[in-house]
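Chemist: Each chain, written out:
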Amino acid sequence: MIGASARCAPYAMVLAASAAVLDAAQPTFKGRVDAVRIDVSVMHGGQPVHGLTASDFVVLDNGAAQRIEQVSGERSPVSVVMALDVSGSVAGDKLRHLVAAGHALVGALVEGDRAALVTFSHDVRVRVPLTANRAQLAAALDELKADGPTALRDAIWSALQLRPMDESRPLVLVFTDGLDTASWLSSSEILGAARRLGVVIHVVELATEQAVTNMRGLSTRQVFGNPFLETIANSAGGRLWSATDSKHLPALFTQALEEMRARYLLTFYPEPPARSGWHDLKVSLKTGRAEITARRGYQVP
Amino acid sequence: MGLFVPCLLTVAMAAMADSQKADVMRHTEAALRLPFDAHDEFWRELDAARRIVDSLPVSANIYKERWYVLASTALLARTDPLNASRVIDAGRRHFKNNATLKMLEGVVEEMRGHIMNSNLHDVRTITAMTPTPARLRLNYAQACYRDALKLDPHLAEARLRLGRVLYLRNEPRPAQAELETVAATATEPRLAYLAHLFLGAVAQQQNDRDSARRHYEQAIAIAPEHQTAYIALSFLEDMSGDAARAQRVVAERPMPASRDNDDPWWEYQNGGVDMAAYEWLRAESIP
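Protein chains in written order, with our numbering: chain A, 1 to 301; chain B, 1 to 287.
Check each hint, because a few of them may be wrong.
Unchecked claim - Sample of chain A residues with no beta-carbon within 12 Å of chain B, all distances over it, derived:
hint	residue
1	ARG75
2	SER76
3	ALA91
4	GLU111
5	PRO129
6	ALA159
7	SER187
8	ALA262
Said to hold, decoys possible - Coverage of chain B stretches by chain A, computed from C-beta distances (three or more under 8 Å per stretch; other residues unrestricted):
hint	stretch
9	116-124
10	228-239
11	262-276
Unchecked claim - Below, a list of computed lysine to aspartate or glutamate pairs in the EDC-like style, where the Cα atoms sit at most 20 Å apart:
hint	chain 1	residue 1	chain 2	residue 2
12	A	LYS145	B	ASP37
13	A	LYS94	B	ASP262
14	A	LYS286	A	GLU69
15	A	LYS145	B	ASP152
16	B	LYS64	B	ASP37
17	B	LYS64	B	ASP152
Just so you know, these hints were derived from the structure itself, not from any lab. All C-beta atoms, glycine included, are put in the ideal place defined by N, C-alpha and C.
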C-alpha cells in the first residue's frame, strides 16, 4: 500500500467477529429478526479473497452456529457516501489531493453504483445526495474550499443518515486529518450508532508523522493519528487507512471502494429466532487463513 | 486666560486620547486580520494595543474595560486559553468587578477542560463522575460563573454557561433550572437557541425524549439556519426508533448559501470574538 498503512484489527483465521444487520439490508422485524445480512471483507496478504461460497463461512450468533442461506455481494452495486474533511488544516496541497481522490473514486464507480458528497469543517454540508450522476459529483468536488474547525462526529452522523433504504450496499468513506473540536454528538453516541445502523464505515486518515526519541536515545518516526477513527472503523466493520502524505489519497480512496466491492454479503435466518437485545456475531472461514472484517453484532429492538 | 489654559489642556488631552484609541484599534484590527496560525504576530499586535490601552486616562475606563473583553474573546476564538487568561488577569487587575471578565475566566477553564477531553459532553463521562483534570476545570468554571452572576445577576451568558457546566457535572436538576431561566428571559436569540439545545440534552440524558424533542424543535424554530439542533433532533429520533424521521431531519435541513451565520454552538465550544464590543470600540476610536 503506497506509503500508507492499514490499521484494522489483524484478525487471523477466526476473527473477532463482527457483523451486523446492514441497514440497506435491514432485517425485517416482525417481532423477531427474519433475516440478518452481514457485510464481510475477506483479505489475504492485503488482497481480497474471491470466489468464496456459503460453505466456506462459519457464522456464530451469540455462540450458536447459523446456516448461511445466501452469499452475494461481489457484484452488488455500492452506495458510497464520501464525508470529506475540508477544515482549515486541509487547505493547500492537501485539498488539491483530496479533490483528486474524490475524482478518482467517482471515476471508479461502475454501473448501478451511486455516491453522495458530504463535506465538513464545523459546517456539515450535504453537497450532493446519493446519485449516479458523476458530473454532478465532479462539479461539487471542484468547488471545495477549506476553512474552520472540525465537526467530525456530526459529519459522520449526517453521512450515515444518507444511507439508502434499498438493496445497494451502503458505505461511508470518511476522510479527515484532525481531531474533533466542534461536534454536538459525542464519541459513544457515534460509536453506538455505527454498531446499530449497519453501514460499513471506511476511514482514510491523514496522520502526523513525528520524530520520537526512545529510552535508548534512538530517534524513530512515529505516526500519530486519532484513536477514535480506528475504533469507529472497527465498530462499523470497516477499515482505517492511515497516510502521512496527502498525495496518497487518490490511491487510498479507490482502494477503499475496491475493498467494498470485494466484500461478501452473507444472509442467514437466526436459529433459534433472535430475541430482543444485542447479538454478538463471529464470522470465520472453515479452512484457510484470512483477515475477516465485519460488524461485531446486531441489535434486535 | 485663567480658564482658557485648563480648557486647552482638556481639549489637548482628549485629542491625545482619541489618537491613542485610534492606535489601539489599528493594532487590534491588525491582530484580528491575521491568519489563525500567526500566533506570535497576533500576540505582538494585541500586546502593543494593550500597552496603549493601559496608558489611557481614567476617563477612558469604559473603553479600557471593553477592550479587555474584546481581546480576551479574540484569544479564546484562537483557542489560546493561556494568553486569554493573561489578558483577563490583566483586565481584572484594573476592573475586578467586571462580571464579563469574571465569566471569561470560567470560559477559559471550560475551554481547557474540552482541550483535555473533547468528550466531556459524553453521557458516559458525565455519569462516571471520575475526578479527572478536565472535570476539575469544570469545577473552576462553575465557580467563576457563579461569581460573575453575583457581580451581575442579569448576565445571561454566565447563567447559560453555569447551566451547561452543571449538566456536564451530572447535576441535571440545577442545570435545568438555570437553563430554563435563560430560555425564558434571554433577549439574544443565540442564547435562547443554546438554552433550548442544552435543555434538550438534559432531558435526553434523563430519558425524557418528549421534552428533549420539544426543546430541539424550539431551538430550530429560533434559528432554522443552524445545523446543531437538527443533528441533535435527528439523533434523538433515531434513538427513539424512528430511523426514517432521523433521516428526514437531516435531509430537510436548509443549507444556507452563506456560512457567515455561524451556529452559536461552535462559538460556545471554540470561542468567538465579541463583535458587540468590537463594534463599540471601533465607533469610539474614530476621532
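Chemist: Are any of the numbered hints broken by this structure? If so, which, sorted upward?
Modeler: Hint check: 3, 5, 6, 7, 13, 15, 16 fail, others pass.
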